[in-house]
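Asker: Protein chains in written order, with the working numbering: chain P, 1 to 407; chain Z, 408 to 546; chain G, 547 to 690.
Simulated from the structure, these hints should not be mistaken for laboratory data. Just so we're clear, the structure is a prediction, and the values are computed from it rather than from any experiment. Hints are supplied without guarantee of correctness; some may be wrong.
[Unchecked claim] From chain Z, some residues computed to sit far from chain P (all C-beta separations above 10 Å):
#: 1; residue: PHE437
#: 2; residue: LYS444
#: 3; residue: GLY454
#: 4; residue: LEU458
#: 5; residue: TYR470
#: 6; residue: PRO471
#: 7; residue: ASP485
#: 8; residue: ARG490
#: 9; residue: HIS493
#: 10; residue: GLY494
#: 11; residue: ARG496
#: 12; residue: ILE542
[Stated by the list, open to error] Derived DEER-like restraints, expressed as beta-carbon distance ranges:
#: 13; chain 1: Z; residue 1: LEU460; chain 2: P; residue 2: ASP43; range: 47 to 55 Å
#: 14; chain 1: G; residue 1: HIS665; chain 2: P; residue 2: ARG54; range: 17 to 25 Å
#: 15; chain 1: P; residue 1: ARG358; chain 2: G; residue 2: HIS665; range: 42 to 50 Å
#: 16; chain 1: Z; residue 1: CYS489; chain 2: P; residue 2: GLU102; range: 29 to 37 Å
#: 17; chain 1: P; residue 1: GLU102; chain 2: G; residue 2: HIS665; range: 29 to 37 Å
#: 18; chain 1: G; residue 1: ARG658; chain 2: P; residue 2: GLU283; range: 52 to 60 Å
#: 19; chain 1: Z; residue 1: LEU460; chain 2: P; residue 2: TYR209; range: 54 to 62 Å
#: 20; chain 1: G; residue 1: PRO662; chain 2: P; residue 2: GLU102; range: 46 to 54 Å
#: 21; chain 1: G; residue 1: ASP596; chain 2: P; residue 2: SER155; range: 16 to 24 Å
#: 22; chain 1: P; residue 1: ARG358; chain 2: G; residue 2: THR671; range: 45 to 53 Å
#: 23; chain 1: Z; residue 1: CYS543; chain 2: G; residue 2: GLY606; range: 51 to 59 Å
#: 24; chain 1: Z; residue 1: PHE539; chain 2: G; residue 2: GLN674; range: 36 to 44 Å
#: 25; chain 1: P; residue 1: ALA140; chain 2: G; residue 2: GLY606; range: 42 to 50 Å
[Stated by the list, open to error] The calculated DSSO-like cross-link candidates involving lysine-lysine, where the alpha carbons are at most 27 Å apart (straight line), are:
#: 26; chain 1: P; residue 1: LYS221; chain 2: P; residue 2: LYS199
#: 27; chain 1: P; residue 1: LYS4; chain 2: P; residue 2: LYS31
#: 28; chain 1: Z; residue 1: LYS465; chain 2: G; residue 2: LYS603
#: 29; chain 1: P; residue 1: LYS167; chain 2: P; residue 2: LYS118
#: 30; chain 1: G; residue 1: LYS548; chain 2: P; residue 2: LYS118
#: 31; chain 1: P; residue 1: LYS167; chain 2: P; residue 2: LYS240
#: 32; chain 1: P; residue 1: LYS167; chain 2: P; residue 2: LYS31
#: 33; chain 1: Z; residue 1: LYS524; chain 2: G; residue 2: LYS548
No residue lacks a Cβ here, since even glycine has one placed at the ideal position from N, Cα and C.
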Amino acid sequence: MTIKIAQLSCGTEYSSVQYEIEKAARSVGAKIVYPDVSAADIDDAVRRFGFNPRSPQLKLMIARAAQLADGKYDADAVFITTCFRCAEAALVRNELRRFIQENTRLPVVTYSFTERLKASQLLTRMEALVTIVTRKELLARERQTGITVGIDSGSSTTKAVVMENNKIIGKDWTPSGDVVASATLVLNNALEMAGIEMKQVEAIGTTGYGRFTLGDHFNAKLVQEELTVNSKGAVWLADKQRGEATIIDIGGMDNKAITVRDGVPDNFTMGGICAGASGRFLEMTSKRLKIEVTQLGALADQGNWRNAKMNSYCSVFGIQDLVTTLGEGKRFEDVAAAACHSVAEQVYEQQLQEIDVRRPIIQVGGTSLISGLVTAVGEVLGERPIVPPDSQYIGAVGGALLSSGLL
Amino acid sequence: MSQERETRLFMISPRSMLTPDQLVRMVHAFGAAAIVKETCYGCLVEGPRELVLDILSKVRETYPNEVFSKVRAYPCSDPRRCRAQHGTRPGYAQLEEEWELLSRIQYGLENIERGAKYEAPAERKRIPVNDFKRICEVQ
Amino acid sequence: MKIFIDPPNSLVLFDLVERFGHEPLSAMAAIQERVDNLEVDMPPMNVTLDDVVRGLKYAGVEVPSGIRGRLAVWGPLIEEADAAIIMDDCPYSFGCVGCERSNLMVKYLIKRRGIPTFHVSYPETDEQAVDFVAQTREFLEGLE
């Protein structure tokens with residue numbers, strides 16, 4: 001079955017990205033389609049929508065969305081995309097996303113592009129859209145059943161979780177080395193903790209960069225990209241399976257911000273534009289302060305970032321700022337707080353601008369254990385994020401939870 | 408402009424009695440080596456530029472004011488443009504709107520042929536305040 | 547003479563310019579060159595990455611890519627034009643003229659070029675259409 005993805009867009013054909021969009025869709029077994037509208041319907045649709053943009057192409061987008069909302073055009077998913085830095089289009093893009101979600105059950109993702117479109121990000125979005133369409137029932141699963149295992153083979157750490165009847169009964173993590181060896185190690189430790197034999201395991205789900213290798217090796221029932229799996233794990237851990245939420249994962253090398261609705265992702269940004277906006281920056285700061293990164297959070301919580309202002313976010317020049325600040329005799333606590341604040345502010349400026357942050361905010365991943373960073377994210381967003389227990393295990397938990405749906 | 412290939416839309420004004428089918432048969436009857444494709448608004452004609460322009464002028468001999476034309480960037484049936492492949496591209500709505508306007512343009516052309524000229528409208532001035540006052544008082 | 551038409555994809559203006567003996571410079575013809583001349587099996591829609599980068603000549607990098615891509619197509623046409631016709635108060639403009647900011651910029655570029663420019667109002671009635679066609683013909687026939 002070819003999945004039909006309805007494209008609502010402005011600017012793609014004049015940014016040299018339309019071909020890339022169609023190519024990405026084709027590569028995941030989908031096809032881009034445009035809901036037909038009659039010119040005569042456009043004004044009515046805009047009036048009904050209530051936002052009247054100056055650009056006619058945006059009006060056309062609204063009319064096409066109305067066709068979908070009224071069930072006059074048959075599509076399986078919706079892709080809303082407009083030029084990056086266009087304010088008018090950004091407003092329409094986001095409000096149309098909401099309109100589609102309120103009026104249809106179609107999965108929707110949004111994207112703002114430049115001519116330097118990031119093909120891999122686009123592909124992940126298309127892949128997630130197709131997953132959401134083809135595995136709708138599986139993604140609706142809110143309880144884990146039986147005995148299942150989830151393995152998350154990430155770029156910096158590998159994690160495994162054993163679950164039984166909707167409870168985590170075993171878990172372990174290790175820095176990633178050889179994909180299979182790292183996974184085998186954490187899996188055995190998690191099984192031992194759970195008091196479970198491998199033969200008792202009914203299903204395995206793998207995710208993360210090494211998911212395909214591990215899927216083959218362990219004969220996994222579920223092999224799936226981390227976007228949908230992590231979302232599922234995060235809302236399960238935070239007990240926020242219904243309604244909207246934003247999941248923030250500041251990684252060692254890349255960051256993800258995912259918005260979800262009923263546990264299913266509808267938009268995300270993923271980036272590693274700058275090392276200054278990552279866990280790596282905090283590691284470097286810890287090293288300079290001669291403390292373990294695990295101590296940085298508590299230290300930051302005792303400080304005030306305003307006392308150690310940094311003029312640069314960069315991992316090179318930012319660290320230089322820290323050195324200068326320390327030289328001026330500032331307190332370590334304030335410097336630690338400033339480092340956390342700098343990362344949070346950068347994530348906010350570079351990534352969260354591209355999505356519509358929805359409450360509650362759930363912060364996950366290894367860096368969510370650095371409490372000072374969570375404080376800083378909360379300060380920047382105006383609301384302290386929820387950090388669920390076992391927040392570093394979202395991918396593994398999502399894998400165990402979803403694979404139990406395939407029993 | 409490319410001398411190699413030219414693809415043109417021939418669009419019939421909604422005021423005309425000519426049908427796309429009649430137009431296509433007429434173009435076929437010229438016996439030219441061009442691709443002719445009937446559409447809802449008229450037809451697409453594709454061939455070497457000179458040939459396409461020749462066909463246009465022959466059509467205009469019979470229907471001077473009711474067949475309009477413009478070039479199309481993409482060749483006939485190009486999957487990137489073809490509506491059947493994925494639904495309409497954004498420019499389709501523009502064509503639809505312009506098609507309606509052709510009715511008035513046809514009227515304009517016909518009247519000009521009969522000698523109509525543009526006359527600048529009389530300059531509109533505000534009435535003097537005393538005149539306005541008088542009108543108000545009468546009311 | 548070469549006449550830039552605005553909207554650059556207008557069927558009505560393209561037709562009238564040609565009908566009254568001049569060469570319309572249109573978005574369609576500019577894109578046709580790209581469609582026909584690219585040596586790839588399936589070229590990108592309408593413009594290439596190089597076009598969008600060339601659009602920096604008309605607008606800075608802080609301007610959305612869709613605007614720069616459009617200006618890269620229209621800008622050279624405006625530079626090449628001997629005169630221009632602008633249809634004001636167009637109630638419609640879709641496709642390549644779907645971006646209002648780009649449309650404003652085109653009018654500005656024409657103005658800056660300083661070529662003979664004729665503004666004509668979109669005809670709402672048959673009578674206005676007579677004026678529209680008559681004025682357009684008068685302008686085009688008066689160009690030498």
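Asker: Give me the numbers of the hints this structure contradicts, sorted from smallest to largest.
Answerer: 8, 9, 10, 11, 13, 17, 21, 24, 28, 29, 30, 32
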